[in-house]
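*Asks:* The residues making up each chain are set out below.
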Amino acid sequence: MPRLNADTRHRVAFTLNGRPVSGQAEPRMLLSDFLRHEIGATGTHLGCEHGVCGACTVQIDGGLARACLALAVQTEGADVRTVEGLSPDGGATLSILQEAFREHHGLQCGFCTPGFLVTLDALFRDDPHASETHIREMLSGHLCRCTGYAPIIKAALAAQATLLARGAVAHPDDTMPEEDVHA
Amino acid sequence: MKPAAFDYLRAGDAAEALEALHQEGGDARILAGGQSLFPMLNMRLARPKLLVDVMHVAEFGRIDDDGRTIRIGAGVRQAVLERHVDLKARQPMLAAALAWVGHAQTRARGTVCGSIAHADPSGELPLALLTLGGSVHLRNRKKRRVLAANAFTTGMMATQKGDDELIEAVSFPVAVPGTGYAFREIGRRHGDFAIVACAAVVDAAKTVLGIGGVADMPVRRELPLPADPAFADALNQFAWDLDARDDLHATGRYRRDLVRQLGRQTIEEAASCRA
Chain A
1 MPRLNADTRH
11 RVAFTLNGRP
21 VSGQAEPRML
31 LSDFLRHEIG
41 ATGTHLGCEH
51 GVCGACTVQI
61 DGGLARACLA
71 LAVQTEGADV
81 RTVEGLSPDG
91 GATLSILQEA
101 FREHHGLQCG
111 FCTPGFLVTL
121 DALFRDDPHA
131 SETHIREMLS
141 GHLCRCTGYA
151 PIIKAALAAQ
161 ATLLARGAVA
171 HPDDTMPEED
181 VHA
Chain B
1 MKPAAFDYLR
11 AGDAAEALEA
21 LHQEGGDARI
31 LAGGQSLFPM
41 LNMRLARPKL
51 LVDVMHVAEF
61 GRIDDDGRTI
71 RIGAGVRQAV
81 LERHVDLKAR
91 QPMLAAALAW
101 VGHAQTRARG
111 TVCGSIAHAD
121 PSGELPLALL
131 TLGGSVHLRN
141 RKKRRVLAAN
151 AFTTGMMATQ
161 KGDDELIEAV
171 SFPVAVPGTG
181 YAFREIGRRH
191 GDFAIVACAA
201 VVDAAKTVLG
211 IGGVADMPVR
221 RELPLPADPA
231 FADALNQFAW
241 DLDARDDLHA
251 TGRYRRDLVR
261 QLGRQTIEEA
271 ASCRA
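Quick mapping for you: the protein sequence lines, in order, are chains A and B. Under the working numbering, residue 183 is the last one in the first sequence; the count climbs by one each step, no gaps. Under the working numbering, residue 275 is the last one in the second sequence; the count climbs by one each step, no gaps.
Among the clues, some could well be false.
[Said to hold, decoys possible] Each pair of labels, with its calculated beta carbon distance range:
{"no.": "1", "chain 1": "B", "residue 1": "260", "chain 2": "A", "residue 2": "133", "range": "28 to 34 Å"}
{"no.": "2", "chain 1": "A", "residue 1": "79", "chain 2": "B", "residue 2": "233", "range": "31 to 37 Å"}
{"no.": "3", "chain 1": "A", "residue 1": "87", "chain 2": "B", "residue 2": "85", "range": "32 to 38 Å"}
{"no.": "4", "chain 1": "B", "residue 1": "177", "chain 2": "A", "residue 2": "109", "range": "53 to 59 Å"}
{"no.": "5", "chain 1": "A", "residue 1": "102", "chain 2": "B", "residue 2": "145", "range": "55 to 61 Å"}
{"no.": "6", "chain 1": "A", "residue 1": "126", "chain 2": "B", "residue 2": "188", "range": "24 to 30 Å"}
{"no.": "7", "chain 1": "A", "residue 1": "87", "chain 2": "B", "residue 2": "147", "range": "50 to 56 Å"}
{"no.": "8", "chain 1": "B", "residue 1": "13", "chain 2": "A", "residue 2": "105", "range": "32 to 38 Å"}
{"no.": "9", "chain 1": "B", "residue 1": "224", "chain 2": "A", "residue 2": "61", "range": "48 to 54 Å"}
{"no.": "10", "chain 1": "A", "residue 1": "99", "chain 2": "B", "residue 2": "67", "range": "50 to 56 Å"}
{"no.": "11", "chain 1": "A", "residue 1": "126", "chain 2": "B", "residue 2": "89", "range": "18 to 24 Å"}
{"no.": "12", "chain 1": "B", "residue 1": "12", "chain 2": "A", "residue 2": "88", "range": "35 to 41 Å"}
[Unchecked claim] Partial list, derived from the structure: chain A residues whose beta carbon lies under 7 Å from chain B:
{"no.": "13", "residue": "3"}
{"no.": "14", "residue": "4"}
{"no.": "15", "residue": "28"}
[Stated by the list, open to error] Calculated pairs, DMTMM-like style, for lysine to aspartate or glutamate (alpha carbon to alpha carbon, straight line, at most 25 Å):
{"no.": "16", "chain 1": "B", "residue 1": "88", "chain 2": "A", "residue 2": "132"}
{"no.": "17", "chain 1": "B", "residue 1": "2", "chain 2": "A", "residue 2": "7"}
{"no.": "18", "chain 1": "B", "residue 1": "2", "chain 2": "A", "residue 2": "33"}
{"no.": "19", "chain 1": "B", "residue 1": "2", "chain 2": "A", "residue 2": "79"}
{"no.": "20", "chain 1": "B", "residue 1": "88", "chain 2": "A", "residue 2": "126"}
Please keep in mind that the hints were generated in silico from the structure rather than gathered at the bench. Ideal Cβ positions, reconstructed from N, Cα and C, are used throughout, including at glycine.
Make a model of the complete structure from these sequences and hints.
*Replies:* So this is what it looks like as structure tokens:
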């Protein structure tokens, strides 16, 4: 990749929730602003813009990331997942995790919610049996000023129980290999 | 809060990154995980003309364990090191310290070397590197040099790294049998900056305690063994010598008390872990 000039807008292309997207960005443009203003994916919210509040949390190549602590040009060629990718059918139906938040009052104003959802989505994909302690530790990277967190923990545990009961996993590509059984 | 304008270079190899640093000097900044740099850029506390992204340099992505030291390349994210095979056995203090670094969401991006380069006085990794007696591998276009951790950091967010240099790796000593290691920290909330962080190494002959979050850089001191009658006085003297100040988060008095209490607890934990 050649050196990208500060004053010029450059084409940036990556995969967003499984679909190719592209737009124009100056090098200084944050991924959060690129998602919202260039792509129009406004599900990712911006609270503090310096990595503290967690509202803008997304997944880049499977790992969690603050979208305000990354550049659009850094994500060239990457695989990005945002809250818009959680619904199994592009928005008509809530995911199990989202439904649990609705059911257990895991949100009030909803501003911080996309970040919480994206973190829990990654957690239950990587560690379906995560302990409550681990869940709480993961959510310590998010601020919520409405709920007092207890309903969020409740929603997370309920979603985890449903996911485990249904044998469902957050990502279709996260399949366990067949167990070798010698009865 | 948005960063001021800068050029962006995604370096394909170390030579390209080093050449850019050679050309631009102090106007360029290395971008690795960005978890310390972006807050500074967003708040415009840093205004580089060029960011050199080193996360696509293959040779910087390595973790090498030669039996004596674990060498961690410039591109190794904290979360990758956390998952490194047997880290807890290879260097228990490093494993314990990592859990205190930021949040899982920032550790997924932030690098080990980036944290050392940032040299925040309350940073866990600079404290662990100093207390363990690790080293920093610097490199410019022409040569490499290795500095001991205690020679690398010179003050608050200040280091010996030249403008044309980058940290290509840092080395942590592997745990030695018969030596115990521990790391503890007190903050307002999990993931906040440490009010006081303690790192301890205890073997049959001596105790080493490192303290972060109090002075303008981490400080390490050799103390008598916990059973020695001189231990309490030596620890108290250390607490006073750090010249703790009052700020929004804690008073100097409280910090000194944490050094005494948490320091002792950390040392005792390390002593009990001696294998």
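*Asks:* So does residue 87 (chain A) sit 50 to 56 Å from residue 147 (chain B), Cβ to Cβ?
*Replies:* 51 Å, holds
*Asks:* Check the hint pairing residue 2 (chain B) with residue 79 (chain A) against an upper bound of 25 Å on the C-alpha distance.
*Replies:* 24 Å, holds
*Asks:* Assuming the hint says 18 to 24 Å, is it satisfied by the Cβ distance from residue 126 (chain A) to residue 89 (chain B) or not?
*Replies:* 22 Å, holds
*Asks:* Taking the Cβ atom of residue 87 (chain A) and the Cβ atom of residue 85 (chain B), is their distance within the range 32 to 38 Å?
*Replies:* At 37 Å between Cβs, range holds.
*Asks:* Against the range 32 to 38 Å, how does the distance between the Cβ atoms of residue 13 (chain B) and residue 105 (chain A) compare: consistent or not?
*Replies:* With a Cβ separation near 52 Å, residue 13 (chain B) and residue 105 (chain A) fall outside 32 to 38 Å, so the hint is violated.
*Asks:* Mind checking the alpha carbons of residue 2 (chain B) and residue 33 (chain A) for me, to see if they're no more than 25 Å apart?
*Replies:* 9 Å, holds
*Asks:* I want to verify a distance hint. Is the separation of the beta carbons of residue 99 (chain A) and residue 67 (chain B) within 50 to 56 Å?
*Replies:* Hint holds: Cβ distance 51 Å, inside 50 to 56 Å.
*Asks:* Lying within 31 to 37 Å: is that true of the beta-carbon distance residue 79 (chain A) to residue 233 (chain B)?
*Replies:* Hint violated: Cβ distance 58 Å, outside 31 to 37 Å.
*Asks:* A range of 53 to 59 Å was offered for this pair. Does it hold for the Cβ distance of residue 177 (chain B) and residue 109 (chain A)?
*Replies:* Since the Cβ atoms of residue 177 (chain B) and residue 109 (chain A) sit about 55 Å apart, the hinted range of 53 to 59 Å holds.
*Asks:* Given the proposed pairing of residue 2 (chain B) with residue 7 (chain A), does the C-alpha separation stay at or below 25 Å?
*Replies:* Measuring from Cα to Cα gives roughly 15 Å; hence the hint holds.
*Asks:* Quick check: does the Cβ-Cβ distance between residue 12 (chain B) and residue 88 (chain A) fall within 35 to 41 Å?
*Replies:* 39 Å, holds
*Asks:* Residue 4 (chain A) was flagged as interface toward chain B. Is the shortest Cβ-Cβ separation under 7 Å?
*Replies:* 4 Å, holds
The structure shown violates the earlier hints numbered 2 and 8.
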